[in-house]
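J.: Protein chains in written order, with our numbering: chain B, 1 to 296; chain F, 1 to 285.
Because the hints were derived from the structure by calculation, they are not lab data. Remember, predicted model here, so these are calculated numbers, not experimental data. Among the hints, a few may not be true.
Per label pair, the in silico range of CB-to-CB distance [stated by the list, open to error]:
no.: 1; chain 1: F; residue 1: Asp278; chain 2: B; residue 2: Arg291; range: 54 to 60 angstroms
no.: 2; chain 1: B; residue 1: Gln93; chain 2: F; residue 2: Leu175; range: 56 to 62 angstroms
no.: 3; chain 1: B; residue 1: Leu82; chain 2: F; residue 2: Leu175; range: 27 to 33 angstroms
no.: 4; chain 1: F; residue 1: Leu175; chain 2: B; residue 2: Pro97; range: 39 to 45 angstroms
no.: 5; chain 1: B; residue 1: Ile107; chain 2: F; residue 2: Glu217; range: 58 to 64 angstroms
no.: 6; chain 1: B; residue 1: Arg291; chain 2: F; residue 2: Ser176; range: 34 to 40 angstroms
no.: 7; chain 1: F; residue 1: Gly98; chain 2: B; residue 2: Thr173; range: 51 to 57 angstroms
no.: 8; chain 1: F; residue 1: Ser173; chain 2: B; residue 2: Trp16; range: 41 to 47 angstroms
no.: 9; chain 1: F; residue 1: Pro66; chain 2: B; residue 2: Ile96; range: 55 to 61 angstroms
no.: 10; chain 1: B; residue 1: Leu15; chain 2: F; residue 2: Ser176; range: 54 to 60 angstroms
no.: 11; chain 1: B; residue 1: Gly27; chain 2: F; residue 2: Glu194; range: 46 to 52 angstroms
no.: 12; chain 1: B; residue 1: Phe118; chain 2: F; residue 2: Asp149; range: 55 to 61 angstroms
Computed from the model, here is a short list of chain F residues facing chain B with C-beta under 8 angstroms [unchecked claim]:
no.: 13; residue: Tyr41
no.: 14; residue: Asn102
no.: 15; residue: Ile106
no.: 16; residue: Val109
no.: 17; residue: Arg112
no.: 18; residue: Arg139
Glycine included, each C-beta is placed from N, C-alpha and C at the ideal position.
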Amino acid sequence: MKRTLYADTIATGALWAIAILVVTILGAIILHFLFASVGTISLGFLFGDPSDTSVGGIGPLLWNSIYILVLTLLLTVPLGILGGIYMAEYAGQGPIPNMIRLSQELISSVPSIVVGLFGLALFVNATHWSFTALGGALALSIFNLPLMTRLTEQALRAVPRDERDGSLALGTTKWQTIRHVVLPLAVPGIVTGVILTAGRIFGEAAALLFTSGVATPPHYDYLDFSLGDPRSPWSPFHAATTLSVYIWKLNSEGLGTFVRQISDAAAAVLVIMVLLFNLGARWLGRVLQRRVTGAR
Amino acid sequence: MSIADPPARADAPEVTRPTVAPSSLSTSAPIKLQARGLNVYYGAKRAVRDVDLDIPANAIMSFIGPSGCGKTSILRCFDRMNDLVPGARVEGTIMLNGEDINGRDILPVEVRRRVGLVFQRPNPFPMTIYDNVAYGPRRHGTSNRAALDEIVESCLGRAALWDEVKDDYRKKSGLSLSGGQQQRLCIARTLATEPDVVLMDEPCSALDPIATLKIEELMADLRARYTIVIVTHNMQQAARVSDRTAFFTMGEDRSGYLVEVGDTSEIFTNPRERLTEDYVSGRFG
Ligand SMILES: Nc1ncnc2c1ncn2[C@@H]1O[C@H](COP(=O)(O)OP(=O)(O)O)[C@@H](O)[C@H]1O
Ligand SMILES: [Mg+2]
Chain B
1 MKRTLYADTI
11 ATGALWAIAI
21 LVVTILGAII
31 LHFLFASVGT
41 ISLGFLFGDP
51 SDTSVGGIGP
61 LLWNSIYILV
71 LTLLLTVPLG
81 ILGGIYMAEY
91 AGQGPIPNMI
101 RLSQELISSV
111 PSIVVGLFGL
121 ALFVNATHWS
131 FTALGGALAL
141 SIFNLPLMTR
151 LTEQALRAVP
161 RDERDGSLAL
171 GTTKWQTIRH
181 VVLPLAVPGI
191 VTGVILTAGR
201 IFGEAAALLF
211 TSGVATPPHY
221 DYLDFSLGDP
231 RSPWSPFHAA
241 TTLSVYIWKL
251 NSEGLGTFVR
261 QISDAAAAVL
271 VIMVLLFNLG
281 ARWLGRVLQR
291 RVTGAR
Chain F
1 MSIADPPARA
11 DAPEVTRPTV
21 APSSLSTSAP
31 IKLQARGLNV
41 YYGAKRAVRD
51 VDLDIPANAI
61 MSFIGPSGCG
71 KTSILRCFDR
81 MNDLVPGARV
91 EGTIMLNGED
101 INGRDILPVE
111 VRRRVGLVFQ
121 RPNPFPMTIY
131 DNVAYGPRRH
141 GTSNRAALDE
151 IVESCLGRAA
161 LWDEVKDDYR
171 KKSGLSLSGG
181 QQQRLCIART
191 LATEPDVVLM
201 DEPCSALDPI
211 ATLKIEELMA
221 DLRARYTIVI
231 VTHNMQQAAR
241 VSDRTAFFTM
251 GEDRSGYLVE
261 VGDTSEIFTN
271 PRERLTEDYV
281 SGRFG
């Protein structure tokens, strides 16, 4: 009796300690970069162009990060959700679906530098696109689509049988049940999937080095909406060095007077963006869930 | 097969009983559901053996019997929910209004609209009370607001929930109701698809006595419009609410079979079968 009480106290204490440690590490990372970048981060830094002679800005890099994030999510989220629905509700358990599941897990754990090289061969050379945002987004999709599919499948499978049966017993079809009961209940799990993939996209450098490029971007004309023109920042065919790639590049070249300052501030921006995205996605998930379970 | 006529028990529920025991297959009311040679298998295992059963219209039929004797399995044959259970196989015929529900040109979704099912554990959808009730009609093509309003209000009324939720049923989630209210919401939701038959699988087993009483009163009201089949563990409940009772048990091969069916008063006070007598008295003793 006493023994189990002790064990319980110790286990609870250990879990608390781990939780506090995790929060502390997160706080330390955020605070470190925030303090390190005080004085550097300004509107000019966030929106200005990079410069060789002064601190300059990260505007185009931030733009590219967001651009590739959005493009990759456009490619992976709808397809991933459809794939997840298929795998959870229609594919069943035979040897072939199980092989697909295994491949999904393998692909999403392939080292991203390998994916980058594969992207170089396919989306840069074979297509003659050179370095483009689209090539980067496609490379990222290679390992994010299987992850998104897998997470969606798991979220759908976690919806209890009772809920499905409740709908089916009313004489609704399987698809109606999926659409109106199962999917809404799986929204939190799917949102978690989106957040995980998005985090990987923001932070990814290796897969993008050889696909969307490392060139320091020129001055962007944000009013140039010609999607086919690689000079327009809106075009999927513009060379799109992202913030993560830029941080990597600055530090690997190690040249220039402001490297430390710029990379600390860029890192702070990156962390804040990921946090904002996280919160935003959660909020959107809640709104979505209310919408899909609501009136329609 | 002993046809011994056991004496009526003094502690059996108060019921008037006819002087002649009705045969299991003849009642004055028209037959709503009819099972012939019904067998249910899960994989190689036979869970239900050779059930022949008539369920009269506009009456309440209760299924009683020990746990695992196949009551749920049989019930789910009547709305083809067993189609959805992997490995389950049903043999035999089931007629609804004289029509074979397993017939070639009959869609399972159509059967499930005409035969509703209320589950053991209340399972409202995570949406408003209104949307829960409107769920079936919307899926079946009713989108007119006024028509939906009308359906929702009348079904909540028929399920004896209206008075308790009328102020906030458009805003409040079905999940925020109490267990008993949730179960009545599930009944309302079932009624909204305009079924002929309502199947209930131990609908009160997760409810407290007061909520149970409410559901029992509700069933008595519904009887005029619907045919009701209720599986129950609670012998008093079967005695209180049902017109007819079917008693099932398990054979040596652990497959369930129908021992006897008759007017509820008859089953509880003067069963024809020894097994029924033992079961019924065991619980009341
Ligand atoms: N989905 C299933 N798969 C395999 N066996 C099942 C399944 N459902 C029920 N059974 C078996 O069938 C028998 C009858 O079960 P059930 O119909 O639930 O009985 P009851 O409702 O009378 O308790 C039991 O032995 C049970 O284990
Ligand atoms: Mg059961």
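J.: Now tell me, hint by hint, if it's right for this structure.
T.: Now for the hints, and whether the structure bears them out:
1. One distance hint, 54 to 60 angstroms for the beta-carbon pair Asp278 (chain F) and Arg291 (chain B), holds here, with the actual separation near 56 angstroms.
2. For Gln93 (chain B) paired with Leu175 (chain F), a C-beta distance near 31 angstroms fails the hint of 56 to 62 angstroms.
3. Checked against the hint of 27 to 33 angstroms, the C-beta distance between Leu82 (chain B) and Leu175 (chain F) comes to roughly 29 angstroms, which is consistent with it.
4. Here the CB-CB span from Leu175 (chain F) to Pro97 (chain B) is close to 33 angstroms, at odds with the stated 39 to 45 angstroms.
5. At roughly 59 angstroms, the beta-carbon separation of Ile107 (chain B) and Glu217 (chain F) lies within the given 58 to 64 angstroms, and the hint holds.
6. Between Arg291 (chain B) and Ser176 (chain F) the beta carbon distance is about 19 angstroms. The supplied range of 34 to 40 angstroms is therefore violated.
7. About 26 angstroms separates the C-beta atoms of Gly98 (chain F) and Thr173 (chain B), a value inconsistent with the hinted range of 51 to 57 angstroms.
8. For the hinted restraint 41 to 47 angstroms between Ser173 (chain F) and Trp16 (chain B), the CB-CB distance of approximately 33 angstroms leaves it violated.
9. At about 42 angstroms, the beta-carbon gap between Pro66 (chain F) and Ile96 (chain B) misses the expected band of 55 to 61 angstroms.
10. At roughly 31 angstroms, the beta carbons of Leu15 (chain B) and Ser176 (chain F) sit outside the given window of 54 to 60 angstroms.
11. Between Gly27 (chain B) and Glu194 (chain F) the beta carbons are some 59 angstroms apart, a value that contradicts the proposed interval 46 to 52 angstroms.
12. Checked against the hint of 55 to 61 angstroms, the C-beta distance between Phe118 (chain B) and Asp149 (chain F) comes to roughly 58 angstroms, which is consistent with it.
13. Proximity of Tyr41 (chain F) to chain B is violated relative to the hint, the smallest CB-CB distance being about 20 angstroms (cut-off 8 angstroms).
14. The interface hint given for Asn102 (chain F) is broken, as the beta carbon of that residue sits about 16 angstroms from the closest beta carbon of chain B, more than 8 angstroms.
15. With 8 angstroms as the threshold, the beta carbon of Ile106 (chain F) stays out of range of chain B, its nearest partner Cβ sitting at about 12 angstroms, so the hint is violated.
16. Among the interface hints, the one on Val109 (chain F) holds; its C-beta lies about 5 angstroms from the nearest C-beta in chain B, closer than the 8 angstroms criterion.
17. The interface hint given for Arg112 (chain F) is met, as the beta carbon of that residue sits about 4 angstroms from the closest beta carbon of chain B, less than 8 angstroms.
18. Interface hint at Arg139 (chain F): satisfied, since its Cβ lies 5 angstroms from the closest Cβ of chain B, which is below the 8 angstroms cut-off.
The structure does not agree with the numbered hints 2, 4, 6, 7, 8, 9, 10, 11, 13, 14 and 15 stated previously, though it agrees with the rest.
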